[in-house]
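Those sequence lines, one after another, are chains A and B.
First residue of the first sequence? That's 1 in my numbering, and the numbers climb one at a time after it.
First residue of the second sequence? That's 1 in my numbering, and the numbers climb one at a time after it.
Any given hint could turn out to be false.
[Claimed, not checked] Computed Cβ-Cβ distance ranges for the label pairs, DEER-style:
# : chain 1 : residue 1 : chain 2 : residue 2 : range
1 : B       : Gly951    : A       : Tyr149    : 30 to 38 Å
2 : A       : Ile422    : B       : Glu656    : 39 to 47 Å
3 : A       : Tyr140    : B       : Lys157    : 52 to 60 Å
4 : B       : Glu656    : A       : Leu352    : 43 to 51 Å
5 : B       : Thr873    : A       : Gly61     : 19 to 27 Å
6 : B       : Tyr80     : A       : Gly150    : 34 to 42 Å
7 : A       : Phe412    : B       : Glu114    : 43 to 51 Å
8 : B       : Lys76     : A       : Gly61     : 28 to 36 Å
[Claimed, not checked] So, partial list: chain A residues that the calculated Cβ filter (under 10 Å) puts toward chain B:
#  : residue
9  : Val66
10 : Gly74
11 : His132
12 : Met133
13 : Trp162
14 : Ala193
15 : Val194
16 : Lys195
17 : Gln198
18 : Asn250
19 : Val336
20 : Gly399
21 : Thr404
22 : Phe408
Think of the hints as simulated: they come from the structure by calculation, not from any bench.
Every residue gets a Cβ at the ideal spot worked out from N, C-alpha and C, and that includes glycine.
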Amino acid sequence: MSHYEAPIREPLVLGDKTYHDITEDIAKPIEGKANKNWYIAFYISLAAMLWGFGCIFYTIGTGIGVWGLSKNIGWAWDITNFVWWVGIGHAGTLISAVLLLFRQKWRMAINRSAEAMTIFAVFQAGLFPIIHMGRPWNGYWVLPIPNTYGSLWVNFNSPLLWDVFAISTYLSVSLVFWWTGLLPDFAMIRDRAVKPFQKKIYSLISFGWSGRAKDWQRFEEVSLVLAGLATPLVLSVHTIVSFDFATSVNPGWHSTIFPPYFVAGAIFSGFAMVQTLLGIMRKVTNLEAYITRLHIEYMNIVIILTGGIVAVAYATEFFIAWYTGSPYEYYTYLSVGAATGPYWWAFYSLLLFNIAIPQLLWIKKIRRSFVWSFIISIAINIGMWFERFDIIAIVLSKGHLPSTWWRFEPTFVDVGIFIGTIGFFFVLFLLYARTFPVIAQAEVKTILKSSGEFYKIRRDEEGIPTKPEIKVKKAKGKSTKKDKE
Amino acid sequence: MASNKKYWKSYQELENDTVVQNVANNEFVQDIPTDEFLGNKETLESSSTTRRDFLKYIGFTTAAATVAACEGPVNKSIPYVVKPNDIIAGVADWYATSMADGYDFANILVKTREGRPIQIMPNKDAKGSTTARVQASVLSLYDEKLRLKEPSKAKKKITWADAHNEIGTALTQLKEANKEVVLLTGTMASPSTDKIISEFIAAYPNVKHVVYDAISEYGAVEAFNAMYGVRALPSYKLGDAKAIVSFGADFLGDWHGGFEVEYAEGRKPENGEMSYHVQFESNMSLTGANADKRVVVKPSDQVYALLNLYKALTGTNVPSKATPVDAEIKKVAQVLKKAGKDAVVVTGINDKNAQLITLAINKVLQSEIIDTVNTIHTRQGDDMAVQQLVSNMKSGNVGGLITLNVDPAFTLPNASEFTGALDKVSLKVAMSTEFNSTVEAMDYALPISHYLESWGDTQFRAGQYGLMQPTIQLLFNTAQAQDILLKWSGSDSNYYNYLKTYWSDSVITDTSWNKVLHDGFYHTGVTDAPEAKDIDVASVASALAGSVKGSKYELSLYTTAGLGDGKQANNPWLQEFPDPITRASWDNYLSISMADANELGFKNPVRDNGAIDGNYATLKVNGVTLENVPVMIQPGQAKGSIGLSLGYGRTVGLKEEMQVGVNAYPFYKDFNNFQFDVSIEKTSGWHQFACTQVQKTIAGRHDILKVTTLKEYLTVDPKDHHHGWNKPAYVSYDHNEVEANSIDLWDEHNREMGHHFKLSIDLNTCTGCGACVVACHAENNVPVVGKKEVRIGRDMHWLRIDRYYSSEVETREDAKEQGLSRAEMYRALETEAENPEVTFQPMMCQHCNHAPCETVCPVAATTHGRQGQNQMTYNRCVGTRYCANNCPYRVRRFNWFNYSNNDEFDYNMNSDYGKMVLNPDVVVRSRGVMEKCSFCIQSTQATILQAKKEGRAVRTNEFSTACSSACSTGALVFGDVNNKEDAVTPLVTDKRAYGVLDYLQTKPNVIYQVKVRNTNEA
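Using the sequences and the hints, build the whole thing.
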């Protein structure tokens, strides 16, 4: 009540929204009918997904030989895509967990979708380690399942095994965290639902949320605990993914800076993907009032920061490759050898998309432009894919023994599976956009007073806070009270 | 005598207690309630199981049982009813025998399992050595596609009896008409067969025996005959030579049958000296690749250079011309003079005069290296007689032609003339093991047994006899040519008895037939040396100089280590075998120098999938045109010369996959391997090569491949910090530079107990021949994947031989001297020199003690063995390929597809006959799993078990792998270093020993010995 907010702070919710408006806005896509654009996007994604599944079944039915791999290059697009998708996932966790701990209110408009993106991206990522196996039907052997074969056990030395644990932990924690946050929103939809079937489903998935003060209290506590659990995952998952490379003996992979560099890269690419998705979503689902220029700018600032870390890592890698003077290091993915070798185009694509283009974000106008942000985010997505491709393909193409130098060319199956996962991702995301509350409305309502334009005007005009609404949301006013910064 | 005795079990029973009675009465407590069920009509009627239901159940169970019975493959295994005495299932039998297919001759040991030959190894007691082709010939035995299975006449099946009758009648008629009948055979080097043929000729005096070698060494045979009066080839004791000068003689390849064993003996720097070997040649041959000094010179200049050498040595003037290499010739003359009787000059020019000149030079040198006593009898072809035969056929003077395992309709340079003239021959009989163009063109096709199914004898060198014995029952309805000839001659004897009698009468003097049969050889020794006649060098030289007509481009025809004369072109192992020099498989190609390629616009681009393409050329030689010849740029090819290998381009009868390459035989005019009057024209299109190695140089990574000179080897401390030629790797530890081997991240394995296997590879004596590659194929059931897959880098060879060319800039110091920037330096290091030095490096799983592959496998499918091996558990592998990525040697091979029982890979693992060659001790891998060299664990375990069974320790040097057994030169030595006596033990600590990439501290169990070149000029 004694709330004061600096007038220079930009509002996080635009338009003269009331609490009810928010409810309406969020519930609209779920309760209404999908528009034509949604169907077009959905069918294109579905077609891509089915094509990808076809390619996956073809691979499993025939053999990994239908990909472009060879005796000297045992991984290429498979693990590239894996790391790419895992990296994308990181932004979701960062936004929902780390920003929650840091009490960054602006995350509220985007965390739901970012987390959804995380989970869907991890689905895609998880596909690759399974299908890249020569015998995926035996894939469960990587799990430490007790068996009757005596000492037959997994190899705890293997980074791939760490991956198994890292990814599965990540997926489960993210999923629980996401679902917890969804409970009050599901309950809101449940309460509004008129169709019995819909009501049944939403009551089922809202886990009996009643909206009592106790519910809210537990909700807040669980959110904090899960945020605390998820935060180390932001660092650990990609650290472990980077161990796949860093613990190996290949020049270019065997690098001690990989863990922080991979984490920064993951956040970098994740935020780019959030930008891409929200850029589309805010238009398609009319959420312009909630996903504002300010959100875009904040995310762009994170992108500049993490992009900067990545750029420094690149420079370090390049410098070390040069500085060692080793004939083996001369051909790593960031080296003169790579720049002048057969993969020069991949080398320069990496620098262009990941280093050069994101620098545009230093310009405030571009940073706050929806269109530019969208374009740059696409560029970063491409660039980060190239980063992983370069690390894997260029390094493997120049092995220790020159007699094993080789090249990689993808087949239609490689391409098909990648496109298929993009399709699969969007199928999930589009279904999500139609059935899930895409914005954490319960949370957004908590910041309406301090950030909603309408309320600010009323405050300025009347000098008093509006009462009735505060009453409604009093129970969870906890976090708003301390919100002074 | 009925007894009234009553037995009781207790007092109670005796006293007739009621309790006991009750118990006895109630022994079966309940009656089965049959009455209740059947008697009560009501319940029966109300039961839901009606008669119809009952029938339904019966029907269903019957149907289900029937359907279930349909499933499940039936694998018939038929037990021995009467077990053969000498076959124990699971135990291999070895037979000593000989191979002689007209081009390849070898004393061999054949490993059989359950009556099937599955592997061939050199019979080292008989000084036998094997090549890739000899090793692979066991698979040709099972070639059910190409082999003749039934006698046929005009492509219709007939019985043997009918065939004998009809041919016998025809022969008699021709004898009566006194029409010439020609028996055309390859070189058989078989004394008993020679005798049978002479008896056949005695029975039919109109028969003429013509020996035809597809790849001719007629010039050398005739020259030796002219000078020494023996129609044979001289041998060379290269092991004792101090200086070897070769003019295009590929004596580590197929020249005179190969001298790699002798050569390697003279290449051991431990003795303090090594032979100095200079090779003048136009193509890059295996021999040239091993030479200390290789001088490129085009074919015509090779001839002049040879003459100039004679001039330089003797001072006599002979007609010749100046060549660009005359300075080298002068130097070489000095070297030869210095080495004197320890020097030898050889030439591969198939020209009597050129061969005479070399014989004259060796005589001038008083060379003791040339061995005129133990002459070689494996090339007896008579080119003149063959050409005479064709012209006689054309003029209709030949009434009958009987061929035996030769394919003139394909291999003759004028093959079309030959087939055209066949119309004028009335009796046309082809005796052949396999279907080929000649069989197709003849009336009668008589299937001949494979050498592994045959009896026979051999005499490869004077006084060195060998026996051939069957190692398997006849697979098809075949017969031996000797039996057929005996039959036609009217003899009742079969060849086996004939052979036995012949040997006990004429060959064996001091031992038994059984002993010789067991050993496979019998050496009598020869003492009488033929006298060298004087020849008129001046006239020979002028004839030689006159026969050469140099032209802008000159063609040099050669044979490859893989296909030789092309007889085994349907053998997938050989097709997939990468050429030692170009490392291309499934192809032959026109090799051309970089300079000429630039001039004519030929390129070998590397495609994005890693494969190499090449332009096509139209090649015109002496009026014969061949289109679409793929071109490969070959470092070390003399400018103005091109090379093309014979033996490829066969199509008749071959599987479609094997119909690769172009046929160069039409260019083989007058059986001369040098052809002048050549024109090359670039045509459109790209040829897709299947090369297993793309990068040609070592790119400055000299810790992989260490080479030094004899002088340095003898004088410099190998570990010297600056000049050492075998410096250990240094790493930084605690801010100090320490030897990599002195620190360790891991715990050392305890090797005190049991065996610890190591393999030593001597880069000096390894000639790169590739016999080990095929031996490994056979031993370990390595799949063949075909050209398309090899092209994109998916060959499955567990053992490969990397070939590296030197670059103009070899080291950092060179680059610094030339003032190159770093980028320029690496570009230069990557680029091969125009006439590079060549080094071969056999590469297989290094069985690292600290293996990078072992730590990364998530399912622990690859683990470390107690005996030092890095082991691969196929059953456990899920196929993540991480191990392959983390293997710095890239020796792991992934099963991208199912390579067995798959029509897409229709090689030997897709047919019942082809599968007979599989080694039952080694599993055939399924798709999706990784595989690699196992150090032949099945064979080391068998050795251990054998010793255990016999209650003894494993003997010294008893362990072996397929590659080490196959290696003729002893470059690969395998053994147990826990046995101090084993040959490998001192090699591990030899001053030449090093581990590849030792700075990684993988601590491999494969040890390489530094290559030493002799730059001392004798």
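(request) Mind checking the CB of Val336/A against every CB in chain B and telling me if the closest is under 10 Å? (result) 5 Å, holds
(request) Would you settle whether the hint for Asn250/A is holds or violated, based on the nearest Cβ-Cβ distance to chain B being less than 10 Å? (result) 7 Å, holds
(request) Please test the hint of 43 to 51 Å on the beta carbon pair from Phe412/A and Glu114/B. (result) 45 Å Cβ-Cβ, so the 43 to 51 Å window holds.
(message) Gly399/A was flagged as interface toward chain B. Is the shortest Cβ-Cβ separation under 10 Å?
(response) 5 Å, holds
(request) Please test the hint of 52 to 60 Å on the beta carbon pair from Tyr140/A and Lys157/B. (result) Hint holds: Cβ distance 56 Å, inside 52 to 60 Å.
(message) Phe408/A was flagged as interface toward chain B. Is the shortest Cβ-Cβ separation under 10 Å?
(response) With a minimum Cβ separation of about 7 Å from chain B (threshold 10 Å), the hint on Phe408/A holds.
(request) For Tyr80/B and Gly150/A, compare the CB-CB distance with the range 34 to 42 Å and indicate the outcome. (result) Given a distance of about 36 Å, which is inside 34 to 42 Å, the answer is holds.
(message) Next item in the hint list is Met133/A. Is there a CB on chain B closer than 10 Å to its CB?
(response) Holds, about 5 Å.
(request) Using the beta carbons of Thr873/B and Gly61/A, state whether their distance is inside 19 to 27 Å or not. (result) With a Cβ separation near 25 Å, Thr873/B and Gly61/A satisfy 19 to 27 Å, so the hint holds.
(message) Next item in the hint list is Lys195/A. Is there a CB on chain B closer than 10 Å to its CB?
(response) Hint violated; Lys195/A Cβ to chain B Cβ min 44 Å, cut 10 Å.
(request) Could you tell me whether the CB distance from Gly951/B to Tyr149/A stays inside 30 to 38 Å? (result) The hinted range 30 to 38 Å holds for Gly951/B and Tyr149/A, with Cβ atoms some 33 Å apart.
(message) Does the closest beta carbon of chain B sit nearer than 10 Å to the beta carbon of His132/A?
(response) Holds: closest Cβ of chain B sits about 7 Å from His132/A, inside 10 Å.
Violated hints for the displayed structure, listed by number in ascending order: 14, 15, 16, 17.
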